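The listed protein sequences correspond, in order, to chains Y and A.
For the record, in the first sequence the residue sitting at position 302 is 302 according to my numbering, with numbers rising by one throughout.
For the record, in the second sequence the residue sitting at position 125 is 443 according to my numbering, with numbers rising by one throughout.
Hint data in this document are derived by calculation from the structure and do not stem from the laboratory.
Please read all numbers here as calculations on a predicted model, not as lab measurements.
Yeah, the Cβ is synthetic: ideal placement off N, Cα and C, and Gly gets one too.
Some clues are possibly wrong.
Unchecked claim - Quick list of in silico lysine-lysine cross-link-like pairs, DSBU-like style, CA-CA up to 30 Å:
1. A:K526 - Y:K117
2. Y:K251 - A:K526
3. Y:K114 - A:K617
To be verified - Chain A stretches covered by chain Y per the calculated footprint, using a threshold of three residues with CB under 8 Å from any CB of chain Y:
4. 388-400
5. 404-410
6. 479-487
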Amino acid sequence: MTAVHLSKRKKTSRGIGYDLKKDWQLWIMLLPAIVYIFLFCYMPMYGAQLAFRKYDFTKGIYGGDWVGFKYFTDYFNSAMFSTTLRNTFVISLCSIVFGFPAPIVLAIIINQIKNSKWKRTLQTTVYIPYFISVVVLVSMLNVLFAKSGGVLSDFLKTIGIVPQNANLLGQKQYFVWMYVGSGIWQSMGWNSIIYIAALSSVDVQLYDAAKIDGANAWQRVIHIEFPVLVPTIMILLIMNMGSILNVGFDKVFLMQNTLNKQNSEVISTYVYHLMAPTTGAPQFSLATAVGLFTNVVNFAFLIVTNYISKRVTGSGLM
Amino acid sequence: MANKNEMTVVNNKYRIKERDLSDRIFHISVLVLSILCFIVILYPLWFVVIASISNSDMVNRGEVVFWPKDIRFYGFQQIFQDARILTGYKNTLIYVVGGTLLNMIVTMPAAYALSRPDFKARNKVMLYFVFTMYFSGGLVPTYMQINNLGLINTPWILLVMVLINTYNLIIARTFIQNTIPNDLYESASLDGCSHFRFFWSIVLPLSKAIISVEMLYYAVFHWNDYFNALIYTSNNDIQPLQMVLRRILLQNEAFANGNGGVQGGYAQSSADQVKYAVIIVSTVPILCVYPFIQKYFEKGVMIGAVKG
């Protein structure tokens, strides 16, 4: 994210005092944002030192005794380490593998529709679910896929995709599919907007030329439309990989129940449960350590995918 | 030579015929897939609507599939008697309007400042913001910090929790940079126009498109946000609609008139109908404004796609 220089700056530097005097109005306009980010983002980063301290209620977060990497090793050695890491990876990877191509396919389909009224209707419809809140989405899942009388679970049982006695909300093996499926349902349309825009930039002459050369519709999609989408796909893929351990807390937390917890406890919900346990004392230091660990891993993923993408395609994020 | 030409023509004709067939298959599959998509997206929403006005026993027996049966409005009547929903609505309205207003007051001037090409520190300040997109202190340190600021369990925290979103800042900055020529500022400043004045009387009126997009993004965020309310508040009186919904829909809390899940039988089925009605009542406002704002959010994604 480097800024583009629109004008060449004068080479002569006139010192900080001069710049401050010249730009003081701009600094004032930035001040609320800078102060907010400092208080709500950078101070907590400083506070992340709690991961290396034993939390002491009387001394606050900066006052506990240093314990080094104790809480990290505690986490790595606990049974929850493999459970949360595995669940997080499985959910993220399934979301990317199944959720990432869906909007691309949808965009290609929408782009192919000739009837503009139908195209408009379809577009308007597929965007709607994006505006439904997570709470409402999860409660819709609860009623539509209920064990008995759920209209969609009955349908899936009738066509034989799931066995007759399946409990889609309770049995843990279905959790990831419910999560990924509802995610695709909700955001496929919204995510397709960017691809549709990219497709609309294709030169019509290319299609005509391809037709004359005898390319059929499938070939036109593969050889004209798909290459246009590749740069967008790469950038979005990098951004997705960068948050591979950031499985959204909201939906998982709401979809969680005692039956599926073994497959649904991800790192972010685990941090919450450490911080606000239903029984026992909160483990602030351990929760901080787990959060910090996730952050570092995510950051590393972002750097690596960005590097690979730059090497392979020449375009990256940073 | 002539023979060869003829051969090509024949070949081409054959090819075109074959192509026409595959094209037809292609267009039919596009049509079928698009209809399938339409149904898959719309049906769950439609079902909630018909279930909310049907006899709940029939819904639970799976008899209500395409059209409402034995229409009744019991669920809606219950909701409008329930004080919690009204309180939640009122709070959410305050957070959406107030929060979005604060967001705009902070975001737009910052975006303007960062869009100035002759602002020396702008790359460094940008990095200061962008870094927080990829790295954060984590839940516990953030909670502790907010606790230190004395904002836990106050309505303020829900107004200021995401006061500025870096992504929104970037798209606003990019928009101003790309649509308002710097020459305009240079000639205005020659006439003695300050940054404040230029921002207020030139930039803001010319940025209506991005302002609508940003307001939309922030408003939808505030409307849907339950996470911050869950973490930072526990007082029911200040909690937004989404928290009320969570209690009613997901934690099966009893309804005002006592028709909770515990009583079973008739009460249980009415409780179910109430649930469908709650889903509708909480989603309709967003869906009502949606057709009017659709063109803006398409625009917003476009602006966002032009990376800073």
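Going down the list of hints, with the structure as the test:
Of the pairs offered as hints, the one joining K526 of chain A and K117 of chain Y holds, with about 28 Å between alpha carbons and a cut-off of 30 Å not exceeded. About 34 Å separates the Cα atoms of K251 of chain Y and K526 of chain A, which puts this hinted pair outside 30 Å; it is violated. Distance restraint check for K114 of chain Y and K617 of chain A: the Cα-Cα separation of roughly 22 Å lies within the 30 Å cut-off, and the hinted pair is therefore satisfied. Coverage of the region 388-400 of chain A by chain Y is violated in this model, with 0 residues showing a Cβ closer than 8 Å to a Cβ of that chain against a need of three.
Proximity of the region 404-410 of chain A to chain Y, defined as three or more residues with a beta carbon under 8 Å from a beta carbon of that chain, is not established by the 0 residues found. Judged by the Cβ-Cβ criterion of 8 Å, the region 479-487 of chain A is covered by chain Y as claimed, because 4 of its residues qualify and three suffice.
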